[in-house]
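Chemist: What follows is the residue order along each chain.
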Amino acid sequence: MAEHLVIYTVVHQPRRLKLPAQPIPRGAVPRDIERCLFDERMNRRYFEKVARTCYRPASDLFLELADRGLKVCIGFSISFLRQAEMWDEDLLARFRRLVQHPNVELINVEPYHSFLFYVDIDAFWRRMRQAADYVRRLFGLRRAPVVTDTTEMFMSNDIYFALVRAGFRGAFMDGRPWVMGWRQPSYLYHYTKDLYLLTRHYRLSDDVGYRFSNRSWALWPLFADTYARWLAEAEGDLVTIGWDFETFGEHHWKETGIFEFMRALPGELQRRGVRPLLASEAIEQLGPRSHHLPLPAFPTTWAGEGGVEFFLGNPAQQAIFQLMHHVYHKALLTRDPAIIDLAMWLLQSDNLHLIQWFGRFGSEAEVSAYFTPREWWQLGPFGIIHELQQVYRNFLAAMDASLTGEVRYLPGEGPTPVRRSVSRPELPAVAAGMALPTGTDGRHEVAAAGGAPHGPAVAPPSPPRTRPTRRR
Amino acid sequence: MSLTDSRPANGQTTRLSPERTEFVLLSFEGPDPYSRAGGLGVRVSQLAQSLARLGYRTHLIFVGSPERPGYEEQEGGLLRLYRWCQWISRYYPQGVYEGENEKLYDFNETVPDFVADRLAPPAVRSGRVLVVLAEEWHTAHTICEVSDRLWMAGLRHHALLLWNANNTMGFERINWGRLGYVTTLTTVSRYMKHVMWGRGVNPLVIPNGIAPEALAPVNPRQVSALRRGLESGGGRLLLVKVGRFDPDKRWLMALEAVAQLKAMGRAPRLVMRGGIEPHEYEVLGRAQALGLSVMPVHAEGEMTATRLADVLASHPTVDVFNLKFFVPDGLLRALYRAADAVLANSGIEPFGLVGLEVMGAGGVAVTGSTGEDYAIAYHNAMVIETDDAREIAHGVARLQDDPGLGERLRRNGQETAARFVWPRVIEGMLDKLDFAAQLQGVRWPPAPAVEAEGPGRAREAAAAAEEAW
Numbered sequence: 001m002a003e004h005l006v007i008y009t010v011v012h013q014p015r016r017l018k019l020p021a022q023p024i025p026r027g028a029v030p031r032d033i034e035r036c037l038f039d040e041r042m043n044r045r046y047f048e049k050v051a052r053t054c055y056r057p058a059s060d061l062f063l064e065l066a067d068r069g070l071k072v073c074i075g076f077s078i079s080f081l082r083q084a085e086m087w088d089e090d091l092l093a094r095f096r097r098l099v100q101h102p103n104v105e106l107i108n109v110e111p112y113h114s115f116l117f118y119v120d121i122d123a124f125w126r127r128m129r130q131a132a133d134y135v136r137r138l139f140g141l142r143r144a145p146v147v148t149d150t151t152e153m154f155m156s157n158d159i160y161f162a163l164v165r166a167g168f169r170g171a172f173m174d175g176r177p178w179v180m181g182w183r184q185p186s187y188l189y190h191y192t193k194d195l196y197l198l199t200r201h202y203r204l205s206d207d208v209g210y211r212f213s214n215r216s217w218a219l220w221p222l223f224a225d226t227y228a229r230w231l232a233e234a235e236g237d238l239v240t241i242g243w244d245f246e247t248f249g250e251h252h253w254k255e256t257g258i259f260e261f262m263r264a265l266p267g268e269l270q271r272r273g274v275r276p277l278l279a280s281e282a283i284e285q286l287g288p289r290s291h292h293l294p295l296p297a298f299p300t301t302w303a304g305e306g307g308v309e310f311f312l313g314n315p316a317q318q319a320i321f322q323l324m325h326h327v328y329h330k331a332l333l334t335r336d337p338a339i340i341d342l343a344m345w346l347l348q349s350d351n352l353h354l355i356q357w358f359g360r361f362g363s364e365a366e367v368s369a370y371f372t373p374r375e376w377w378q379l380g381p382f383g384i385i386h387e388l389q390q391v392y393r394n395f396l397a398a399m400d401a402s403l404t405g406e407v408r409y410l411p412g413e414g415p416t417p418v419r420r421s422v423s424r425p426e427l428p429a430v431a432a433g434m435a436l437p438t439g440t441d442g443r444h445e446v447a448a449a450g451g452a453p454h455g456p457a458v459a460p461p462s463p464p465r466t467r468p469t470r471r472r
Numbered sequence: 001m002s003l004t005d006s007r008p009a010n011g012q013t014t015r016l017s018p019e020r021t022e023f024v025l026l027s028f029e030g031p032d033p034y035s036r037a038g039g040l041g042v043r044v045s046q047l048a049q050s051l052a053r054l055g056y057r058t059h060l061i062f063v064g065s066p067e068r069p070g071y072e073e074q075e076g077g078l079l080r081l082y083r084w085c086q087w088i089s090r091y092y093p094q095g096v097y098e099g100e101n102e103k104l105y106d107f108n109e110t111v112p113d114f115v116a117d118r119l120a121p122p123a124v125r126s127g128r129v130l131v132v133l134a135e136e137w138h139t140a141h142t143i144c145e146v147s148d149r150l151w152m153a154g155l156r157h158h159a160l161l162l163w164n165a166n167n168t169m170g171f172e173r174i175n176w177g178r179l180g181y182v183t184t185l186t187t188v189s190r191y192m193k194h195v196m197w198g199r200g201v202n203p204l205v206i207p208n209g210i211a212p213e214a215l216a217p218v219n220p221r222q223v224s225a226l227r228r229g230l231e232s233g234g235g236r237l238l239l240v241k242v243g244r245f246d247p248d249k250r251w252l253m254a255l256e257a258v259a260q261l262k263a264m265g266r267a268p269r270l271v272m273r274g275g276i277e278p279h280e281y282e283v284l285g286r287a288q289a290l291g292l293s294v295m296p297v298h299a300e301g302e303m304t305a306t307r308l309a310d311v312l313a314s315h316p317t318v319d320v321f322n323l324k325f326f327v328p329d330g331l332l333r334a335l336y337r338a339a340d341a342v343l344a345n346s347g348i349e350p351f352g353l354v355g356l357e358v359m360g361a362g363g364v365a366v367t368g369s370t371g372e373d374y375a376i377a378y379h380n381a382m383v384i385e386t387d388d389a390r391e392i393a394h395g396v397a398r399l400q401d402d403p404g405l406g407e408r409l410r411r412n413g414q415e416t417a418a419r420f421v422w423p424r425v426i427e428g429m430l431d432k433l434d435f436a437a438q439l440q441g442v443r444w445p446p447a448p449a450v451e452a453e454g455p456g457r458a459r460e461a462a463a464a465a466e467e468a469w
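Chains A and D supply the protein sequences, listed in that same order. Letter 168 of the first sequence, counting from 1, is numbered 168 in this note's numbering, and no numbers are missing. Letter 47 of the second sequence, counting from 1, is numbered 47 in this note's numbering, and no numbers are missing.
Among the hints, a few may not be true.
[Unchecked claim] One-sided and incomplete, this derived list gives chain A residues near chain D with beta-carbon spacing under 7 Å: (1) Pro-23; (2) Pro-25; (3) Arg-26; (4) Gly-27; (5) Thr-404; (6) Arg-408.
[Said to hold, decoys possible] Derived DEER-like restraints, expressed as beta-carbon distance ranges: (7) Asp-158/A <-> Gly-170/D: 24 to 32 Å; (8) Arg-118/D <-> Thr-404/A: 34 to 42 Å; (9) Arg-35/A <-> Phe-325/D: 32 to 40 Å; (10) Lys-324/D <-> Thr-404/A: 23 to 31 Å; (11) Asn-412/D <-> Thr-404/A: 53 to 61 Å; (12) Trp-87/A <-> Arg-118/D: 17 to 25 Å; (13) Gln-285/A <-> Met-152/D: 54 to 62 Å; (14) Met-169/D <-> Phe-382/A: 27 to 35 Å.
If you're looking for bench data, these hints aren't it; they were derived computationally from the structure. Virtual Cβ for every residue (Gly too), placed ideally from N, Cα, C.
Bound conformation, chain A alone (with noise of 0.2 Å):
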C-alpha cells in the first residue's frame, strides 16, 4: 500500500508560430524577425480564454486545497510565465501567492518546452540551472528549485546526466512500462545517488488527467473516494502524479465535476492514511531507500505512448526537427544573443506536438489535432505543414543579415535589443563560443509535406470524445 503521494502539475502555454508564414523583411532586427515568426495576438487569445476557464479559478482551487494542507507540486514553463507577465500581471501574482505557500513546492521546468536536449545537451543544462535561478527571482522564493521537469518530461541516459550536472537533486519522469520493465513506478528511484527520480504513475495520472470526463470510460464517472481508495491501494511506497494544470478547467470543463472532485480529495486521502509529500520531502524521507533504474537510451516522455515518436513519428515531424536543428546551429554562428533566444523558440516541441496527427489516426492524433490552433486549419493539413516548415525557411535566410553584416540597425539599436519585458529577471543568454555540436551535412532534405508519403489522415477537428491530457 502507497503511503505516500506526490502530486504535481505543470502550467505551460506554448508560443504558437504565425501561420501563415510571415514574410521577413531583409535586414530585419531580431525584434522585427520576432513578431514575424510568432503569433502574439493568438497566443493572447487562447491565453486569456485558458487564464478564465483554468487558470484563475484553478488557482484558487490549489491555494484553498493547499490551505487545507494538500501539498502540492507546481512548474511553470517559461514561455507561460512570459505571456502571463505581457497580459495578466494578477494572474501571475496569484501564483506567486500559491507558490509561496508553505504547502507548495516549486518545481524547475524546461524554460522554452523546447527540444534543446536533442539539439545541444551542453546548452540544456545550462539553460536548466538559469531557469532555476530565474524563477526563484520571479516568485521571490529563497531557494532555487532542487527537482525538476523537463520538457514533456522527458528523460533518458543523457538527460539524467545533464540534470545531474545543473544540480539538482529530483528529477520526474514518466513510469511507462516499457521503461520501468518489471518494476512498480509507485517507489522512489535514482540512476546515480545524485539525481533520485520520480516515477509518474501514469495510469493514475490519466485517470483524472485524460479519463475523468469520458462517458463511455467503463468507470466514469470518478469520485474522490474510489480514486483515493486506488492511490491508497498502489503498491509500493510513493506514488506519484503528473497532471497538465490545465487539467482543471480547460481539459475538463468545470460542468464536469473536476473541481469538486479535486476538493473532496484531500479528506478521502486522510481517511485511507496516504500522506501527500512535497517532491523534495519525498526525496528526503525516502531517498535512503531508493531503488535502481536503469535508464532508456532513447528518451520515455509522458506524452503519447511514451516514446519520442510522439513528436518525430511522421515526417512532417521529422523535417521540422531538421529544421530546429538548422535554425539553432545557423542561429549560433551569428553569436548573437537575440537570434539565439529567437532559435530557442523555434525548438519548442509544442511545433512537433501540434502536427502528430499528419498521416495518423486514432485517439493520439485526436488529441495532436485538438491542440492545434483552429484559426490554422483554414489553411488546410497540408497548408498547415507547408507553412509551418516556411516559418523556420524565414528564419534561416532572415540569419543571413546577421551573419553577413546587414541588419539594419535604426540609430541607436544595439545588435542586442533590449527585451520587451524589463520586469522580470533577465533569463541570461547561452554563452558564445559554446561548443557546436556535429550538424547535418544537407544530404537530409526537408521532407515537402506534398511529397510526405502518407497523406494527413486527420481532418480538421471536432473536440474529442474525450478531454485530452496534453495542454493547449
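Position chain D relative to chain A; hints supplied.
Modeler: Chain D only, in chain A's frame:
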C-alpha cells in the same frame, strides 16, 4: 430585393451626406513620394483630399514613407492619413512596392482589425455610415476581412464596402467569389468592366478624376524655357513619356517611334520618367539597339524647368533623357504643356490618368485605345489603335506639320479634363454609392440623440464621439 426610394426627405440628392457618411480608403499607394508608383497614388490622394474638402471625414490608410509621421491630419482634421507598414518600409527604402509581399502580409493582418475596432464604432456612434473603398488587388483580401470583422462586431449593416479595380494586375490572386459577395465592385472604365466580366463579376464604372489644380494654367516661362532648351540642343520635337516600366505601357513602341522620327530627320528628344521596375533594362537595351543615345538625369538639389532645359540644351547628341528623380507636379505639367506630344500610348490602360492630366495641362496626349473612355481621336487626343510604332510617328509628324491640329487637341482636351475633376466625379460617384448601399442593405445608424435638440448639442455630441475615437 426591391429598392426603396433612396432620396432623403430633406431635399438632399443623396443620403451620403458629409454629416452621415465617413470614408475609409485602403490603398498601397498614397500621397508620399515613397508611396507613388503609378496612377493609384495620385488617384487615392486626390480622391481623399477632394472628399475631405467636400466635408467628408476621410481616413486614408496606405503604405507610407518610413520617414514621415505614422499619423497625420490634413484639411482641418477631416483628412486623416495612416502610414501603414512603416516598420517594414524602413528596410525597403526604394518605394511602396519594394518588399511587397512583406507589406501585403502586414497590411492584411492588421488593417481589418483597425478599421473594425478603431474606425467603425465611433463613426456609427456619431450616426455615420462607414464607406470603405479598397483599391487594387493588394486590398482584396483585406476588405473581405474587414467585412468579417464588422459582422463579428455587429456593424456590417452600417458599412458600405467597395472594392475598386484600377487595372488587372494581381487578378489571379483574388478570390472573386468571396470579394464579389462581400463588396460592391467598381472599376474605372468600360474597358475594365468588360475585362472583369470574364471573372464572373459586373462592376459599376466610376471614372477616375483629376484634381482641380490639374486645370490651372501652366507657368508659361517654364514652358518657354523647356522649348528653348530643346531648340538650343538641336531638337525640334519634344516628346515626353511617364509611367511605370511595364510592358503594358509600351515603352519599346515609344522608343521605336522616336527612332523612326529621328530617321525621318525630325530631331526628336524624349524625356522619360519610369519607375524602379526591371523592365527598364529591357527598355534601355532596345534604345541602344535602335541607336538612340540615352542619358540618365539625376537631380542634384531641386530640379526646375530651367535646369532641365539646360540639360537638354547642353547635350545635343542625346536622344533620350531618362529622369532618375521624383518629378514635382509643377515641372511635370510644364513638360506636358511644352511637349509636342506626351506618349501615353499604353497597350492596356484601365483608365489612363496620365492622358487626362496631360489634357488638363493643355498638352497633347497620344493615348492607346482601351480604357481611355475620355479620349476621342482627333477631337481631344491622338488615339493609337495598333502596336505599330509607325502609327505614333505618323501622328506626331502630323502634329508637327499641322500646328492647328495640335492647338485644337489642346483646347478640346482641356474642356474634356474639366469634366473629370474630382468634385464632379464624386457627384456621380455618390449617386452610385447610394445605389450600392441599397444593394448591400446598408442601414444608417441613428443620429446622436441630442441632435434633435439643436445644433449646439449636436456639436457637443460630435465632440464627445470624437474624443471617444
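Chemist: Work down the list of hints and note, for each, if the structure agrees.
Modeler: Status of the hints after comparison with the structure:
Nearest Cβ of chain D to the Cβ of Pro-23/A: about 5 Å, under the 7 Å cut. The hint holds. A cut of 7 Å between beta carbons decides the hint on Pro-25/A: the least distance to chain D is about 4 Å, and the hint holds. Taken as an interface hint, Arg-26/A checks out: its beta carbon lies about 6 Å from the nearest beta carbon of chain D, inside 7 Å. A distance limit of 7 Å between C-beta atoms decides the matter here; for Gly-27/A the minimum to chain D is near 5 Å, and the interface restraint holds.
Against a cut-off of 7 Å between C-beta atoms, the interface hint on Thr-404/A is violated, since the closest Cβ of chain D lies about 14 Å away. At its closest, the beta carbon of Arg-408/A sits 6 Å from a beta carbon of chain D; the interface hint therefore holds under the 7 Å criterion. The hinted range of 24 to 32 Å is not satisfied by Asp-158/A and Gly-170/D, whose Cβ atoms lie roughly 53 Å apart. Checked against the hint of 34 to 42 Å, the pair Arg-118/D and Thr-404/A passes, with Cβ atoms roughly 39 Å apart.
A C-beta distance of roughly 34 Å is found between Arg-35/A and Phe-325/D, which places it inside the suggested range of 32 to 40 Å. With their beta carbons about 28 Å apart, Lys-324/D and Thr-404/A fall inside the hinted range of 23 to 31 Å. Checked against the hint of 53 to 61 Å, the C-beta distance between Asn-412/D and Thr-404/A comes to roughly 58 Å, which is consistent with it. The supplied range of 17 to 25 Å is met by Trp-87/A and Arg-118/D, whose beta-carbon atoms lie about 20 Å from each other.
The supplied range of 54 to 62 Å is met by Gln-285/A and Met-152/D, whose beta-carbon atoms lie about 56 Å from each other. The hinted window of 27 to 35 Å between Met-169/D and Phe-382/A holds, with their beta carbons roughly 28 Å apart.
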